[in-house]
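Chemist: Here is what each chain is made of, one letter per residue.
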Amino acid sequence: MAISVDSKQNLKVKTLIKCMQCDYTQERDFQVGDFVLKLVGNCPKDNGPLYIAGIYAEAVTSKK
Amino acid sequence: MNGLIIALAQTSSQGQSGAALAFSYIFYIFFIALLALSFFPGVQQKTQIMFLSRDVEQKLQMIEGYLKDSRGLTEKLLKEKGFADPKAFVERIIDRFVIDPVSVEPTDIINRMKLLMRSNEDTVREMITAVNPNIDPMTRSQIEISTEVVNALNLIYKVIRHYLIMAKKLNSIMIMYQLQMVAPIYVKYAEAYAKAQKVFLQGIPIGDGLGPLVASRFLMKADQKFTVSKDTIAGSIEFEGRKVVVVKAEGPMATVGTPGEGVQNVIEREGGRVSRIITVDAALKLEGEETGSVAEGMGVAMGDPGPEKIAIERVAVKYGIPIDAVIVKMSMEEAITEMRKEVYQAADKAIEYVKRIILERTKPGSTVVVVGVGNTAGIAQ
Ligand SMILES: [Zn+2]
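Protein chains in written order, with the working numbering: chain A, 2 to 65; chain B, 87 to 467.
There could be a bad hint or two in this list.
[As the list claims (entries may be wrong)] DSSO-like cross-link-like pairs, simulated, lysine-lysine; straight-line CA separation at most 27 Å:
hint, chain 1, residue 1, chain 2, residue 2
1, B, K307, A, K13
2, A, K13, B, K441
3, A, K39, B, K427
4, A, K19, B, K404
5, B, K167, A, K19
6, B, K435, A, K15
7, B, K441, A, K19
8, A, K46, B, K167
9, B, K284, A, K39
10, B, K167, A, K39
[To be verified] Distance ranges between label pairs, derived from CB positions:
hint, chain 1, residue 1, chain 2, residue 2, range
11, A, A60, B, H248, 34 to 44 Å
12, A, D47, B, K311, 21 to 31 Å
13, A, D47, B, D155, 29 to 39 Å
14, A, D47, B, D222, 45 to 55 Å
[As the list claims (entries may be wrong)] With the Cβ distance kept under 10 Å, some of the chain B side facing chain A (calculated, not the full set):
hint, residue
15, E150
16, K154
17, V285
18, Q288
19, I290
20, P298
21, L305
22, M306
23, Q310
24, G406
25, I407
26, P408
27, T423
28, K427
29, A433
Simulated from the structure, these hints should not be mistaken for lab results. For clarity, every value in this text was computed on a predicted model and none was experimentally measured. Every residue gets a Cβ at the ideal spot worked out from N, C-alpha and C, and that includes glycine.
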């Protein structure tokens, strides 16, 4: 049975925002209400529409 | 037996006195009694059952904890959404069941199964909308998922408890051993389910959303999207001279839709003139395999009890259309909780696989159907 034993890792959910016209990208923390392909304002570079390209969890590596 | 103990005690009492003597008496009596006891048939087994059942009880408590958490979350959600009596609603839904159709008469099992499953979903949906007719689809899907989680956890809890009580009643070490072996796996499942509910309630895409994510990348460029079956949407784009019809569940609600029926309707609408069906889905990895690795093969990639999967197979057979499968691997837990970055990055790779299949195996001018299978929570189109 495919159940792995890696559940103890800490995850942080991030939202990746991209511009539809240029290569502008921005990663920020996930906020409730975010969903993939939601339009979230305009690009600071060329005023093109910004959209959420992905929402994913990253393992937090504690630097101690 | 008694004679032996006393004899031994006496031999050791030479030259000792007071407290030390009393202590060595007690020590010997205790030691020998224990030794003698362990030779009685059944004593060893009894102690073993005791230890095993304590272990299982502890696991059962963990499962119960997850069940309580999930129940609390569901009741809280219902309360927020205007349900007057959340407790009663959960009480009604927690023991819901669907009875498998008769399988000794194997004609038409799929249709009967589909009817039962569909009408169960519809009934739960109606139960929700009856209380709150103006509920938004997003919240409704979250309530539906929550009730499913509570239902599943309740079943796990009750079944483990059943075997624990039975093993104790029958004093059966064999049942206890088996239970002790599987209990940790079910604790893991329960934990994953409880986590999944929290993720769904925040609207975060899950690992299983890989298929819909790939489909949404294609659908971004489609100007027209239309509903093809219950909770399922499609749109067509042009790619290198081919018409690509892309099907996915309708997001960002937490639903898997009815991709099988959707594909069937799309192909019938095209009059069967489709040269390839490509299914994209998340798949369970084997331990040791890397999360986010991509593989391709033949057949319908879909974790469905039957009705949806067979709908695609049947329409493919009817018109002689080959079915390709592209899968992205992940663990069970990764599939039902937050989408990992590795899986997100694998979406690009999966898209490359799909594009290559289209270029290599179809001619310009033909029509291809691409299906992104999975739960589309947090992924629009
Ligand atoms: Zn821009």
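Chemist: Run every hint past the structure and note whether it holds.
Modeler: Against the structure, the hints:
Taken as a hint, the K307/B and K13/A pair is broken in the structure, with Cα atoms around 30 Å apart against an allowance of 27 Å. With a CA separation close to 32 Å, the supplied pair K13/A and K441/B exceeds the 27 Å bound. At roughly 19 Å between alpha-carbon atoms, K39/A and K427/B fall within 27 Å of each other, so this suggested pair holds. For the suggested pair K19/A and K404/B, the alpha carbons sit about 42 Å apart, so the restraint of at most 27 Å is broken.
For the proposed pair K167/B and K19/A, the alpha carbon gap of about 33 Å is over 27 Å, so the pair is violated. Taking the CA atoms of K435/B and K15/A, the gap is near 20 Å; set against the 27 Å cutoff, the hint holds. Of the supplied pair hints, the one linking K441/B and K19/A holds, its CA atoms being roughly 22 Å apart against a limit of 27 Å. Restraint check for K46/A and K167/B: the C-alpha separation of about 41 Å exceeds 27 Å, so the hint is violated.
As the CA atoms of K284/B and K39/A are separated by approximately 21 Å, the hinted pair is consistent with the 27 Å bound. Annotation: proposed proximity of K167/B to K39/A holds, straight-line Cα distance about 24 Å (limit 27 Å). Taking 34 to 44 Å as the suggested C-beta distance range, the pair A60/A and H248/B conforms, at roughly 38 Å. In this structure the supplied range 21 to 31 Å holds for D47/A paired with K311/B, their Cβ-Cβ distance being about 27 Å.
Judged by the Cβ atoms, the range 29 to 39 Å given for D47/A and D155/B is violated: they are separated by roughly 47 Å. Taking 45 to 55 Å as the suggested C-beta distance range, the pair D47/A and D222/B does not conform, at roughly 34 Å. A cut of 10 Å between beta carbons decides the hint on E150/B: the least distance to chain A is about 18 Å, and the hint is violated. At a threshold of 10 Å, the smallest CB-CB gap from K154/B to chain A is about 19 Å, leaving the interface hint violated.
Hint status for V285/B: holds, given a least beta-carbon distance of 9 Å to chain A, under 10 Å. At a threshold of 10 Å, the smallest CB-CB gap from Q288/B to chain A is about 6 Å, leaving the interface hint in force. Evaluation of the I290/B hint against chain A yields a held restraint, the C-beta minimum of about 6 Å falling below 10 Å. With a least beta-carbon distance of about 9 Å to chain A, the hint placing P298/B at the interface is held under the 10 Å criterion.
At its closest, the beta carbon of L305/B sits 9 Å from a beta carbon of chain A; the interface hint therefore holds under the 10 Å criterion. Look at M306/B: its Cβ gets to within about 7 Å of chain A, closer than 10 Å, so that hint holds up. Because the beta carbon of Q310/B sits about 16 Å from the nearest beta carbon in chain A, more than 10 Å, this interface hint is broken. Because the beta carbon of G406/B sits about 34 Å from the nearest beta carbon in chain A, more than 10 Å, this interface hint is broken.
Violation of the interface hint for I407/B is found here, the shortest Cβ-Cβ separation to chain A being roughly 29 Å, above the 10 Å cut-off. Look at P408/B: its Cβ only gets to about 28 Å from chain A, farther than 10 Å, so that hint breaks. The criterion of a C-beta within 10 Å of any C-beta in chain A is met by T423/B, whose closest approach is roughly 8 Å, and the hint holds. Below 10 Å, beta-carbon pairs count as interface contacts, and K427/B has one with chain A at about 5 Å; its hint therefore holds.
Interface hint status for A433/B: upheld, as the beta-carbon distance to the closest one in chain A is roughly 8 Å, under 10 Å.
This entry does not satisfy hints 1, 2, 4, 5, 8, 13, 14, 15, 16, 23, 24, 25 and 26, going by the numbered hints stated previously.
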